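Let the hints inform the model, and build the full structure from the sequences given.
If you read the protein sequences in the order shown, they are chains A and B. Mapped onto the working numbering, the consecutive letters of the first sequence carry residue numbers 9 to 145. Mapped onto the working numbering, the consecutive letters of the second sequence carry residue numbers 9 to 145.
Think of the hints as simulated: they come from the structure by calculation, not from any bench. These numbers come from a predicted model, not from an experiment. Don't take every hint at face value.
Repeated chains share a single entry, so a pair holds when one copy, or any two copies, can fit it.
Stated by the list, open to error - Only pairs whose alpha carbons sit at most 25 Å apart, straight line, appear in this in silico DSS-like list of lysine-lysine:
1. LYS137 x LYS32
2. LYS44 x LYS69
3. LYS110 x LYS137
4. LYS92 x LYS111
5. LYS120 x LYS44
6. LYS120 x LYS18
7. LYS18 x LYS85
8. LYS44 x LYS32
9. LYS137 x LYS44
10. LYS32 x LYS120
11. LYS110 x LYS18
There are 2 protein chains.
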Amino acid sequence: MQITANWNGKRSFTAEVPSGFPIKMDTNEQYGGEGKGNTPLEMLLSALAGCIGIDVTMILKPYLDQITNIRIEVNGKRGEEPPKPLTDIEVVFIVDGNIEAKKVWRAIHLGKEKYCVVSASLAADVTFKLILNGQVS
Amino acid sequence: MQITANWNGKRSFTAEVPSGFPIKMDTNEQYGGEGKGNTPLEMLLSALAGCIGIDVTMILKPYLDQITNIRIEVNGKRGEEPPKPLTDIEVVFIVDGNIEAKKVWRAIHLGKEKYCVVSASLAADVTFKLILNGQVS
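Encoded structure:
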């Protein structure tokens, strides 16, 4: 896949992407930007959430009618040495609905092992947690 | 850093992020989506372009007035085995302006080594190419 990012001046770039939805990126004033766009790091963590989320909903398709809510929290920890790469990423699935925990866990594991290109492309250790109907499951 | 992605139904998620600019993600009909948002893979490649682009413009700040255009093309190649991780990523800087190639190369290398969290967090081999005023430099 190819994407193209065009410079808007200062620290701002706009990515032209295959989906057709351009993404404006920027950084904050501390680094000479104007804070008028997404930061690359939040995009990377969001890409991970979207990737595993899409895979899990694909795998759980027969049960989606019974699921009322899915919220995915992604927390990335960075190393100390510049450029401070992500070292550990925790992905927390918060799911509500009438579904067994083992079905959700199977979808998470299958998603990670077979489908999720973003997770597989990261050097960091990616771990998962499931909170189903308010209970760690 | 933490981000949160909320499910919109089908394969769609919206990420709430520290910058305050939400990102809607989706996949195409083939995977049960509606193609109404960014795909995770294009976000990952865009994050890489934005990250190294922001770093290069930060390092080249004294020379930005002399640069008329910066375009960054990112091409990601994936492995054969599921989940087909990114294995090789080529980042092409297409720069126009009155600036020496060695200054741009220094900024690219320094950006990668010291600043770019996205590049440093990927398992793939990331290589760079510079086309300055129409010439491979």
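These are the hints, each one checked on the structure:
{"no.": "1", "hint": "LYS137 x LYS32", "result": "between (31 Å within a copy, 23 Å between copies)"}
{"no.": "2", "hint": "LYS44 x LYS69", "result": "between (37 Å within a copy, 18 Å between copies)"}
{"no.": "3", "hint": "LYS110 x LYS137", "result": "within (12 Å within a copy, 47 Å between copies)"}
{"no.": "4", "hint": "LYS92 x LYS111", "result": "between (36 Å within a copy, 24 Å between copies)"}
{"no.": "5", "hint": "LYS120 x LYS44", "result": "between (33 Å within a copy, 23 Å between copies)"}
{"no.": "6", "hint": "LYS120 x LYS18", "result": "between (37 Å within a copy, 19 Å between copies)"}
{"no.": "7", "hint": "LYS18 x LYS85", "result": "neither (28 Å within a copy, 30 Å between copies)"}
{"no.": "8", "hint": "LYS44 x LYS32", "result": "both (8 Å within a copy, 17 Å between copies)"}
{"no.": "9", "hint": "LYS137 x LYS44", "result": "neither (33 Å within a copy, 28 Å between copies)"}
{"no.": "10", "hint": "LYS32 x LYS120", "result": "between (28 Å within a copy, 21 Å between copies)"}
{"no.": "11", "hint": "LYS110 x LYS18", "result": "between (49 Å within a copy, 21 Å between copies)"}
Consistency with the previously given hints fails for numbers 7, 9, ordered from lowest to highest.
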